[in-house]
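S.K.: Each protein sequence line maps, in turn, to chains A and B. Quick note: the first sequence, position 187, residue 187 per my numbering, numbers continuous. Quick note: the second sequence, position 423, residue 1423 per my numbering, numbers continuous.
Please note: incorrect hints may appear among the correct ones.
Derived Cβ-Cβ restraints for the label pairs, each shown as a range [claimed, not checked]:
#1 T28/A - R1091/B: 34 to 40 angstroms
#2 A6/A - W1267/B: 37 to 43 angstroms
#3 D320/A - A1277/B: 36 to 42 angstroms
#4 A6/A - D1317/B: 49 to 55 angstroms
Take a look, some chain A residues computed to stay more than 12 angstroms from chain B by CB distance [stated by the list, open to error]:
#5 R31
#6 E49
#7 P210
#8 R312
#9 K376
#10 A481
#11 A489
Reference excerpt, derived from the structure (chain A facing chain B, CB under 10 angstroms, subset only) [claimed, not checked]:
#12 L15
#13 Q27
#14 R44
#15 V45
#16 A294
These are calculated hints, taken from the structure and not from any lab test. As the structure is a prediction and not an experimental result, all values here were calculated from the model. Glycine is no exception: its CB is placed at the ideal position from the N, C-alpha and C atoms.
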Amino acid sequence: MNRNIARVGWTAMGLLVALVVATTYWQTWARPALGARQDNEIQRVAEFEIRRGAIVARSSGSSTPGDRAVLARNTPREVGSKTLYFRRYPQGRLAAHVVGYSTVGRARAGLERSLNDVLTGSNRSLGSLVEQQLDSLGGDPIVGDSVVTTLDVDAQQVALDELGSRCGAVAAFDPRTGRLLVMASTPSYDPNYVENRFDEISSITADCTPASPLLNRASAGLFPPGSTFKVVTASAALESRRYTPESTFFDPGYCIAYGKRVSNFDTSRPFGNLSLQTALQHSVNSVFCTIGQALGAKRILETARSFGFYERPPLETPPDERLPSGLYRNGDLWFPTRNADVDAGRMAFGQERLLVTPLQMAMVAGAIGNAGILMKPYVVDRIVSPTNSIVDRTEPERIRRAVSPRTARDIGAMMVLAVRAGTGGAAAMSGFRVGGKTGTAETGVQGRNVTWFIAFAGPEGERPHVAIAVVLQNQTSTGGATAAPIARAVMEAILRPPSNP
Amino acid sequence: MSARTRELVNLLLAGLVAAAAFASVWIAGSGEVSAGWAAWAGLLGSLYLVAHLVVRRTAPFADPVLLPLAALLTAVGLSLIYRLDPDSARRQLVWVAVGVGVLVVVLWWLRFDYRVLERYKYLFGISAVALLLSPSVPGLGTTVNGVQLWVDLGPLQFQPGEVAKIFMIVFLAGYLRDKRESLAQGRLKDVGPLLAIWGASMLVLVQTSDLGAALLNFGIFLAMLYAATGRVLYVGAGLALFVGGSAALYNALPRVEQRVTVWLHPWTDEKVQCFSADVVDFRQYCDSFQLVKSLYSIANGGYGGTGLGQGVFETIDGAPLIPALNTDFIYSAIAQELGLVGAAGVILLYLVFVARGMRIALVAQDGFSKLLALGLTFGFALQTFIIVGGVLRLVPLTGITLPFVSYGGSSILSNFVSLGLLLLVSSRASAAAQAR
């Protein structure tokens, strides 16, 4: 019988060893995944004992140089025998959609969510982790790393002011490096209210329904691009080498797409014979309709893809707060397998089922301005340890060459023309070279237009210092009249910062 | 050094660890070590000292590790329960005192020869079945958390399943010793009682909806059957019958179905119909709420744990985050506060306990003693596996207690009875070995 007993004994001990293995699994392997789950309140409460790093932005010059506007900091509060660190957002609604929030009740959003590991210091090297453990034994709180963003808070403020009570968004970055300068979305919300006064956020109303104040329209708002997409179509046309800026077209004032007559925006005066350059300058639908039908949808969409469509635009914010641009079918991103599935003529001037984000359109303008090279947008300039040493600094990185330098130069010249003597006149700034493209996507309902302006701008003779996209919902007027002035004001703030007093 | 002197040394070591654990819980709670700490440590220490003295008298040759292990496990349990809820800890300390009393009674009563129990094996068998079914007697049983496991005796609530388990082990040890020859040959008429046991355990499962206890009892039965006969076939057939029976009952018993579903898919990406409430929600917010929160608690511990008294079990407002923390889920509290190091350490204590118990079964002289020791020891191991495995999502979660550690009177008492029997078997075996 002893042999049997021994076997039962080994089985019993095997069961217990399995418990040790399973415990190890949950406490080591599965730990990060469980910690990142949104319903993990334990992790969240535990992390409130950590002195979270601050989130700051370099102010562009309204106060002393090197001054940083604090976007998120801690306020300690004694709860029971513990000191808990709650978040304060001194700038309120200014950069709410980028910074996000970290609360007990409603999890996290924005950089507070995606950079949680950095801000709580839980991604440190083994050496500093040991130090951290020793500190916590001594009763000191764990201190996280701070994040310095690339945001220009003055320009950000201008963007919010200009958007005002309208629903819309502004995204602006430096096309030479990819530094994100402005990311504003309206209606905005005060992240300080998320924890205890959330009803004040959910009761925010605006010129659009739903107002969705928590939605970051700049990177997660999908809008029909309207005529701003003509920049992509024109790029595809030049890249195909079947057209030059001087190629001539005949504009009858409308275009027949799938048997339906699509008129130009301004039907009062057909242009007759005109060049591609003039067509972009004055945003003539019928020309792009013709180009679209000649090139086919897939070819245009391939060019769009090289501008970054069909992938989530890179940024340090959480992935689900950034949406890819492209054709959407039944709510899903969709790349056609056959040209015949898409009305290429209407797609070419921004209709069909195209949906884009402002961030993506700023990237289009940026790549054109930057000689065809698309830089990777980033909003984290550097990560700073509690002892003020730099843990990590973001280096500019190029995504790819979107179009050839020649195409970029030609399209850029057309966009400059559109601002100097075309639809985008409201964006002109003396002393700077500004190229832009307006867009007005009609929804068919009066007063429900989505208006756009995308642009690049910089000192004469230099590569542009800023690329921008502005979108507005529920407008009665055109992009040139509504969005272009906002773009101009924000670019002014970036290019001509108020001098130091 | 005699076995008893070694036991005393071991007890003192366990006492040191326990005193340190109590001290750290006290410091975490009030910032200082107060007199209360010394009172608790002293009280627990003197209880086990009494137990030690009685063992010295009644089971002088018994294994010197078992009692200190039990002391250490109760100390770990007490310090965690105190940290979670001081009132429960006070009651638990009373139960430990009563448990030590029961241990003393068992040791004293059976000090000459525990093998008298074998004579009453059928009485034990019948009592076991009666006890198991008693919660379903109208007017006697009460339902807690949808499971009928409790008997209400006026001021006292009591889980008869815990006692039934020991009775069943005694019965099986006697019965299998009798019939092992014929069973090993596979005579059909001896298989009858085994089928009866299978039927009884299924009946209990239906009556109580308690998968955990059914699995535990049936597992002990199979282990003892295998030890007695050496026939893998029986184990295979038994497992097949149990799994088959449970599967057949799967749809008939919504509670069993719920447990299995929660085990397989604790997280859902879409809202599902909840079993427990008539709402549609993510499963992690309704049915698997407990399991998921417990896993978060374990994960939060990491390698080193948060330290005793430092774990997160409440929201900032003081609302509890994990239900049933000091009974079913005490392991997830241990794993959070003591980390992988401490949790593995606790499992290691059980491992040593089981290894010593199996050794007793090996060296015991007669079949009854061997089977008794094996049954009791395997019971410890399997019970630990079922509850901790359930908390770790290794097996479906069923509410049974962690031996010596969980809060709960019935469980503590039955653990001490088992411990007493093991000490007696061990003492007799060692005495015989020394006489030779």
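S.K.: Next step is simple, just say for each hint if it's right about the structure.
M.R.: To see whether the hints hold, each was checked on the structure:
1. A C-beta distance of roughly 36 angstroms is found between T28/A and R1091/B, which places it inside the suggested range of 34 to 40 angstroms.
2. Distance hint check for A6/A and W1267/B: the Cβ-Cβ separation is about 41 angstroms, which falls inside the suggested range of 37 to 43 angstroms.
3. Checking the proposed 36 to 42 angstroms range against D320/A and A1277/B shows it is violated: the Cβ atoms sit about 29 angstroms from each other.
4. Between A6/A and D1317/B the Cβ separation comes to about 54 angstroms, which falls inside the hinted range of 49 to 55 angstroms.
5. The beta carbon of R31/A sits about 5 angstroms from the closest Cβ of chain B, which is not more than 12 angstroms, so the claim that it is off the interface is violated.
6. Under the 12 angstroms C-beta cut-off, the non-interface status given to E49/A relative to chain B is violated; the minimum distance is some 8 angstroms.
7. The claim that P210/A lies off the interface holds: its Cβ sits roughly 21 angstroms from the closest Cβ of chain B, which is beyond the 12 angstroms cut-off.
8. The beta carbon of R312/A sits about 19 angstroms from the closest Cβ of chain B, which is more than 12 angstroms, so the claim that it is off the interface holds.
9. The beta carbon of K376/A is kept farther than 12 angstroms from every beta carbon of chain B, the shortest such distance being approximately 30 angstroms.
10. With a minimum CB-CB distance of about 45 angstroms to chain B, A481/A clears the 12 angstroms threshold, and the non-interface call stands.
11. At roughly 43 angstroms, the least C-beta separation between A489/A and chain B is larger than 12 angstroms, which holds for a residue marked as non-interface.
12. Because the beta carbon of L15/A sits about 4 angstroms from the nearest beta carbon in chain B, less than 10 angstroms, this interface hint is met.
13. At a threshold of 10 angstroms, the smallest CB-CB gap from Q27/A to chain B is about 4 angstroms, leaving the interface hint in force.
14. Here the hint on R44/A is kept, as its CB sits about 9 angstroms from the closest CB of chain B, short of 10 angstroms.
15. At a threshold of 10 angstroms, the smallest CB-CB gap from V45/A to chain B is about 5 angstroms, leaving the interface hint in force.
16. Taken as an interface hint, A294/A does not check out: its beta carbon lies about 44 angstroms from the nearest beta carbon of chain B, beyond 10 angstroms.
Against the hints set out earlier in the document, violations occur for numbers 3, 5, 6 and 16.
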